[in-house]
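What follows is each chain in one-letter form.
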Amino acid sequence: MHDTANPEAAAPVIEIRDLWIDGKLNETWAPIVKGVSLSLRPGEVLGLVGESGAGKSTIGLAALGYLRSGARATAGSVRIDGTDLLSIPEADRRPMRGTRVAYVAQSAQAAFNPAHRLMEQITTVAVKRGGMRREEAQKRAVDLFVALQLPEPNTFGERYPHQVSGGQLQRAMVAMALICNPSLIVFDEPTTALDVTTQVEVLIAIRKVIEDFGVAAIYITHDLAVVAQIAHRVAVLRFGEIIEEGALDRILNDPRHPYTQSLWALHDMTLDKSDQHGQGGGALLSIESVSARYGDFAALTDVNLQVEKGATVALVGESGSGKSTLGRVITGLMEPSEGQILWDGKPLATKVQRRPLETLRRIQIIYQSADTALNPRTTIRKIIGRPLKLYHGLRGKAREARVTELLKMVELSEAFADRYPGQLSGGQKQRVAIARALAANPELIICDEITSSLDKVVQAEVLRMLLDLQDRLGVSYLFITHDIEVVRVIADRVVVMQNGRIVEQDDTASFFAPPHEPYTEKLLASVPDMAGGWLDAIIAQRAV
Amino acid sequence: MEKSIDLPPPRIGRFRHIVNLLRTAPRTAKFGMVIVGLYAFVAIFAPWLAPYGEAETVSRIPFDGWSSDHLLGTDRLGRDFLSRLIYGARNSISIALITTLISCTIGCMTGVFSALVGGIVDQVISRFVDAIMSVPDLIFILMVLSIFGSSIPNLIMIIALLTSTRFFRISRAAALNVGSLDFVEAARVRGEGLVWISVNEIFPNILPLILSELGMRFCFIFLSIAALSFLGVGIQPPAAEWGSMVRENAALINMGDITPLIPAAAIALLTISVNFIVDWLLNTASGLTDEN
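Here the protein sequences come in this chain order: V and Z.
Each residue of the first sequence is one higher than the one before, starting from 1 at the first, in the numbering used here.
Each residue of the second sequence is one higher than the one before, starting from 545 at the first, in the numbering used here.
FYI, nobody ran anything at the bench for these hints, they're computed from the structure.
Note that the structure is a prediction, hence the values are computed from the model and not measured.
If you only want the chain V side, here are some residues facing chain Z, beta carbon under 10 Å, derived: (1) THR331; (2) LEU333; (3) VAL352; (4) LEU357; (5) THR359; (6) ARG361; (7) ILE365; (8) TYR367; (9) SER369; (10) ASN375; (11) LYS382; (12) ILE383; (13) ALA433.
To give a feel for the contact side, a few chain Z residues facing chain V, derived at Cβ under 8 Å: (14) PHE727; (15) ALA730; (16) ARG732; (17) GLU745.
Label pairs and their calculated CB-CB ranges: (18) Z:VAL665 / V:LEU342: 29 to 37 Å; (19) V:GLY422 / Z:ILE676: 34 to 42 Å; (20) Z:MET653 / V:SER337: 34 to 42 Å; (21) Z:ALA809 / V:TRP20: 51 to 59 Å; (22) V:GLY70 / Z:LEU805: 42 to 50 Å.
Positions of the beta carbon are idealized from the N, C-alpha and C atoms, including for glycine.
All chains, please: the whole structure from these sequences, using the hints.
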């Protein structure tokens with residue numbers, strides 16, 4: 001699809017052959033990468049796709065000859081321009097990093113040192129290892145800022161990391177990777193932490209510099225839609241093995257391995273719209289002209305919203321739009337400055353401490369990160385059992401039975417009850433968090449970005465499970481998310497927020513049908529399409 | 545859609561886990577554990593191990609040299625030095641241990657409480673603690689002991705109170721960190737009380753940090769008791785205590801006799817051993833957090 005790659009012309013930039021890497025877990029070594037072979041020619045972009053824990057990042061770092069502590073290579077070779085990185089001493093590998101192979105990390109926020117100016121951090125490698133003079137490096141950095149379409153390229157480098165937005169910082173890291181003109185860049189989920197609208201900007205910038213500079217790239221992601229816009233070739237990774245590899249078009253149109261096919265799960269998932277929820281019931285929760293502020297900052301302005309019995313309302317918006325703040329106001333963790341919240345027609349106390357236990361029981365919340373939402377020192381049995389005791393006074397055998405039942409509901413086996421959260425995968429933890437919410441027999445569950453830290457496959461499973469549970473239990477969901485695809489699958493009604501205000505509120509069907517509000521239009525246009533060429537279309541459209 | 549997620553690998557039992565942990569401990573930590581075990585053994589079985597009584601005058605010769613009757617000689621009152629050393633372990637260690645436990649309890653409870661309540665209450669408690677910490681410990685203790693008299697309960701209470709400020713600081717800081725996590729917020733939204741949250745959500749997560757602080761503070765308390773005894777206001781004669789044994793027999797050093805250095809060395813060895821164990825605990829504790 002892109003004409004920059006010329007696969008047959010030159011010698012490979014990188015050749016990974018039969019790479020085995022062991023990881024250390026609980027004092028024992030087990031293989032996490034099992035005989036992976038890859039090779040890239042100059043200018044070629046390989047998409048490395050797989051769920052978390054598949055070994056994507058381990059392979060990405062191995063391409064730099066780097067292994068995390070607790071990992072060791074047991075066999076195979078990683079050749080960059082003919083040199084086997086794994087057989088030379090670390091002191092010889094180090095000068096190659098940043099100059100011949102570069103790395104772009106997932107979270108730019110965590111990767112930049114907040115105490116230094118961007119320019120300083122971007123040019124360091126070029127000055128120390130690339131043999132450039134400082135002025136030379138700075139001039140090149142400014143050129144890169146221009147190429148990456150960063151604002152005010154001449155002074156951009158003088159800012160500190162906290163003074164630029166997430167998307168800009170991510171592009172600054174791409175500049176850092178490109179500064180020495182490497183022959184290979186490893187992109188490790190560079191857009192995963194970004195909003196959809198920001199993601200597009202970063203994707204466009206990455207695509208452009210890859211083409212302009214003719215650099216080869218390994219693009220690691222779990223999002224096939226993103227890979228479809230960037231890569232020439234795709235390798236699908238599972239449990240440390242490449243299970244399918246091929247040209248982008250082939251993988252997109254004719255996936256052969258069942259696992260690759262299942263990566264489409266969420267995309268292909270459709271809700272039977274004839275079975276619209278929440279039509280019969282009245283409003284369970286109504287938010288009436290609620291405003292809230294952090295100091296002088298107005299986080300919410302005049303928000304009106306209703307959630308009907310048994311319905312799913314999706315609350316959509318970019319980060320910082322006030323979605324989560326609204327969740328906090330509903331749960332009583334934050335007091336609104338104006339307006340009121342009605343529950344079944346009666347006003348709710350604004351502070352959580354003043355709400356009776358019976359009210360607290362009816363509204364449960366599930367958090368984005370199950371890692372921090374579950375106490376790591378408590379067994380799953382206790383975590384799920386606590387609300388049972390607190391709200392329903394269940395003890396002993398009755399509680400045990402109910403815990404097992406709840407685990408079954410979230411499709412986990414009984415054996416999980418005695419485990420600690422640290423022993424579970426991300427998806428399993430989220431299921432436990434859902435079970436804990438269900439333990440209360442709630443009438444409304446606030447789901448705060450609960451699928452955004454999960455892989456597509458796991459996401460689809462969790463969403464399907466939530467819909468099943470809704471059918472069985474008649475619970476309402478207020479689904480806070482920035483993922484339009486999730487909205488399409490799960491919501492009965494969509495509410496769009498921007499800068500603390502509601503800008504659109506509509507049934508799901510009419511929400512996705514034009515005409516749209518301008519902001520909604522932008523939001524919808526930013527969601528990557530599975531088909532290749534979507535980004536090309538956007539770039540072409542902008543060029544006009 | 546009746547599918548359960550497959551079973552993860554078998555769980556390691558708690559006992560096996562502890563054995564594993566001990567087996568993989570570094571050599572310094574093992575050394576520390578052996579020494580501390582030895583001290584504990586001596587302290588517990590002192591009456592059976594010591595050849596003579598604690599305050600028993602067994603020889604008419606003061607400052608007698610080393611002999612087969614009195615392995616480490618006698619002190620200025622003709623008491624057996626080895627026996628006093630053994631009894632000294634009992635007094636010094638038990639008092640230091642009790643003091644450490646009391647100060648830890650006071651400090652951690654107020655620390656976690658202060659962090660969870662926050663606001664003005666937190667400010668008042670914290671500034672009060674700062675005020676206490678700003679006075680040098682030894683001078684503070686000397687002052688209080690000279691007012692209330694030098695008795696073992698007084699000694700324990702004042703040192704425990706002063707040390708609890710350190711426990712307060714560390715447990716408050718740790719509780720603030722843990723308290724900002726979602727599971728604590730979830731507990732608040734669920735309607736849990738302050739005590740329940742402290743005991744079930746906060747405390748298990750700050751325990752490793754507190755345990756290591758416990759070891760360190762034990763050393764410091766031990767040293768301050770020895771120092772106070774050396775100054776003459778600590779544990780009062782005739783009870784044997786290593787600090788006072790150094791002082792009482794210090795004159796011997798002028799005569800080229802190293803006997804008074806033995807209790808000093810005993811203090812040093814215990815301190816080093818406890819620190820070895822603490823270092824190892826700290827390492828494994830920080831390792832625990834990135835295990836997930």
